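Residue numbers (the numbering used here), protein chains in the order written: chain Y, 1 to 384; chain D, 1 to 384.
For the record, the hints were derived by calculation from the structure and aren't laboratory data.
Only a predicted model underlies this, so the values are computations on that prediction, with no experimental measurement involved.
Identical copies look the same in the list; a pair holds intra-copy or inter-copy alike.
Here are the simulated lysine to any residue pairs, SDA-like style, with alpha carbons at most 25 Å apart:
1. Lys-124 with Pro-192
2. Lys-132 with Ala-200
3. Lys-275 with Gln-250
4. Lys-275 with Gln-237
5. Lys-111 with Ala-97
6. Lys-340 with Gly-234
7. Lys-111 with Asp-180
8. Lys-275 with Asp-336
9. Lys-340 with Gln-237
Number of protein chains: 2
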Amino acid sequence: MTSSTITPSSDSTFTSLQNPSFLQACMRQATDHTPVWLMRQAGRYLPEYRASRAVAGSFMGLATNRDYATEVTLQPLDRYPLDAAILFSDILTVPDAMGLGLSFALGEGPKFAHPVRDEAAVAKLEVPDMAKLQYVFDAVSSIRKALLQPDGRSRVPLIGFSGSPWTLACYMVEGAGSDDYRLVKTMLYSRPDLMHRMLAVNADSVAAYLNAQIDAGAQAVMIFDSWGGVLADGAFQEFSLAYTARVLAQLNRHGADGQVVPRLVFTKGGGLWLKDMGALDCEVLGLDWTVNLGAARALVGGAENGPGKALQGNIDPNVLFAQPQQIATEVARVLDSFGKPYQGTGTGPTHIFNLGHGISQYTPPEHVAALVEAVHSHSRQLRR
Amino acid sequence: MTSSTITPSSDSTFTSLQNPSFLQACMRQATDHTPVWLMRQAGRYLPEYRASRAVAGSFMGLATNRDYATEVTLQPLDRYPLDAAILFSDILTVPDAMGLGLSFALGEGPKFAHPVRDEAAVAKLEVPDMAKLQYVFDAVSSIRKALLQPDGRSRVPLIGFSGSPWTLACYMVEGAGSDDYRLVKTMLYSRPDLMHRMLAVNADSVAAYLNAQIDAGAQAVMIFDSWGGVLADGAFQEFSLAYTARVLAQLNRHGADGQVVPRLVFTKGGGLWLKDMGALDCEVLGLDWTVNLGAARALVGGAENGPGKALQGNIDPNVLFAQPQQIATEVARVLDSFGKPYQGTGTGPTHIFNLGHGISQYTPPEHVAALVEAVHSHSRQLRR
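Start from the sequences and build out the full structure, keeping to the hints where you can.
Put into structure tokens, the structure is as follows:
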């Protein structure tokens with residue numbers, strides 16, 4: 001924890017926000033309800049998103065255009081009382097800027113034209129010119145403007161994000177998604193020197209990328225270690241966690257407005273390493289649905305006015321295929337498993353509600369409304 | 001633990017085996033080396049297997065023919081000094097016998113012609129006539145005969161197996177492999193009553209199936225809960241673990257020869273629930289590579305002459321793509337993480353070396369030789 005470097009009176013009061021609950025919970029401050037946002041909340045399950053994408057022509061057509069990116073980022077906020085916005089972008093923009101040639105074939109996942117599979121390709125890697133990613137930073141500024149309300153405050157905070165160094169390396173070596181990670185792990189086990197070099201470049205690139213998002217107006221930043229969970233115990237600490245830590249060490253702690261910028265880390269499948277992750281210099285740890293929130297709170301949630309992490313997560317997105325009443329039951333179960341969030345005037349254990357993974361494209365939009373409503377109402381009850 | 005029901009002098013001495021090390025380690029008895037076998041050790045990475053399959057015409061052509069199944073089961077034993085054989089079969093034979101119509105399209109995974117997706121389909125499910133699975137029991141008897149040596153003893157023990165009730169349900173509802181388990185989880189969250197009925201039928205079917213394998217000569221039985229790890233905390237205990245326990249409660253404890261039959265349970269991705277699994281009435285818990293063996297031993301490995309589980313696992317199969325010297329280093333790391341196995345004359349913490357998942361079809365066969373050699377030599381050193 002770096003709480004010693006934060007002056008709550010000047011930079012973590014979040015007075016510039018109409019709804020600061022997400023940022024407050026990130027900083028382990030009390031809120032009157034458990035804030036909620038959803039990974040991939042701007043996405044294909046929304047008909048208005050599909051309409052925008054049809055006009056833009058493609059996913060990257062949306063992501064690389066400031067106006068489209070702004071439009072789709074705000075779509076879920078117009079439907080649901082979500083407590084945060086997240087930049088509409090992709091985790092693979094950074095390796096694309098490195099020259100790997102990202103494309104999205106229709107109905108398939110991302111693909112790189114030039115995967116990194118040998119010593120020569122690794123040697124050529126370097127931190128990309130951030131000017132190549134200007135479209136991302138422009139989107140951040142544009143979304144911030146769109147979130148600004150007539151009273152001069154922002155509706156909700158905007159989260160910036162990046163893939164973790166290891167997760168980027170998975171795609172860079174495999175050249176696409178994978179179900180066995182054979183190529184990237186072959187490099188890891190047979191040429192750890194190459195893997196370490198790639199991860200160092202990735203970490204420094206991600207840090208520069210997130211800092212530029214912060215400078216452009218991102219009010220929190222999240223590192224998605226989507227594939228950290230495929231590593232073996234030992235390899236996770238050496239090849240994923242260490243490089244996430246290298247990113248965190250380089251991040252700006254405050255935005256241009258002087259406010260503290262919370263840092264969130266989410267390792268899908270990383271529940272077994274929660275204690276290791278508790279030592280990261282960040283404010284929030286994301287959790288998937290395999291983790292018991294109460295156990296996680298006991299391990300890394302911290303005590304009142306002591307160090308600790310805010311916890312984010314962790315309902316199974318497939319719960320959204322049940323009926324609204326059943327969704328409410330499962331939401332209550334997740335909220336209850338965390339227990340009563342901190343309600344004092346200092347800092348203590350807090351919970352940010354989210355899915356344990358991105359929302360499915362097949363999700364009925366009205367079920368998302370039921371989930372958000374259940375989080376807000378049950379979490380208010382929980383505080384009584 | 002049911003150690004109170006076992007009479008070591010009569011039924012867990014394993015004198016009918018030339019190499020009883022696997023069964024001894026299952027029963028937490030001392031061995032002079034750490035026994036090793038590999039999940040999917042009879043498989044596509046072996047040229048002799050590919051030749052047999054070409055003759056048989058297909059995977060199921062091998063599995064349903066007693067002579068082919070015997071031939072391919074023994075192939076890896078003829079190449080490597082493995083400490084156990086495992087029946088060549090598939091985890092989906094049971095739902096196939098239920099009438100779901102299993103097929104394997106070339107280059108694709110398994111597929112069911114009649115997936116179970118509604119109330120009517122669930123209502124029709126029942127424990128299949130085991131006569132439909134006679135080909136499996138015939139293969140078990142035939143393999144046992146082929147393992148018999150001129151001195152009247154068996155070379156190594158034969159492991160029988162089945163998918164877990166939950167894992168079978170995943171395939172039965174999805175109709176094939178899945179990467180989001182949307183259909184099966186939709187049923188779980190929206191119609192838990194249907195899911196419970198399906199799991200009950202599956203559990204009773206798996207128990208009957210494994211008992212018939214035991215009667216045919218299987219000397220240990222393993223339950224593969226390959227997809228237990230995709231469940232949420234809470235759902236795992238209710239929909240996977242409880243039905244694995246229902247299987248275990250029905251299993252014969254002794255073979256026709258009066259020897260005890262150890263029961264192994266492996267939940268891929270189940271490391272977070274190890275303590276819950278420690279309460280299962282079985283002898284061995286399998287672990288994937290995300291789990292630290294030393295931590296698992298402390299949690300469920302038990303003390304000398306006290307209750308506890310033998311542990312099986314857990315190297316990442318992708319290690320086999322590194323060079324032999326690097327494979328040896330990783331093998332030593334895994335063995336060392338477990339620590340010194342029990343060496344007394346009673347029972348204590350023991351380790352069975354295995355992969356954390358099935359071996360990849362792309363594995364160089366000579367690398368498997370390096371792994372087995374490293375396990376045997378380093379584990380002997382570890383006991384000095």
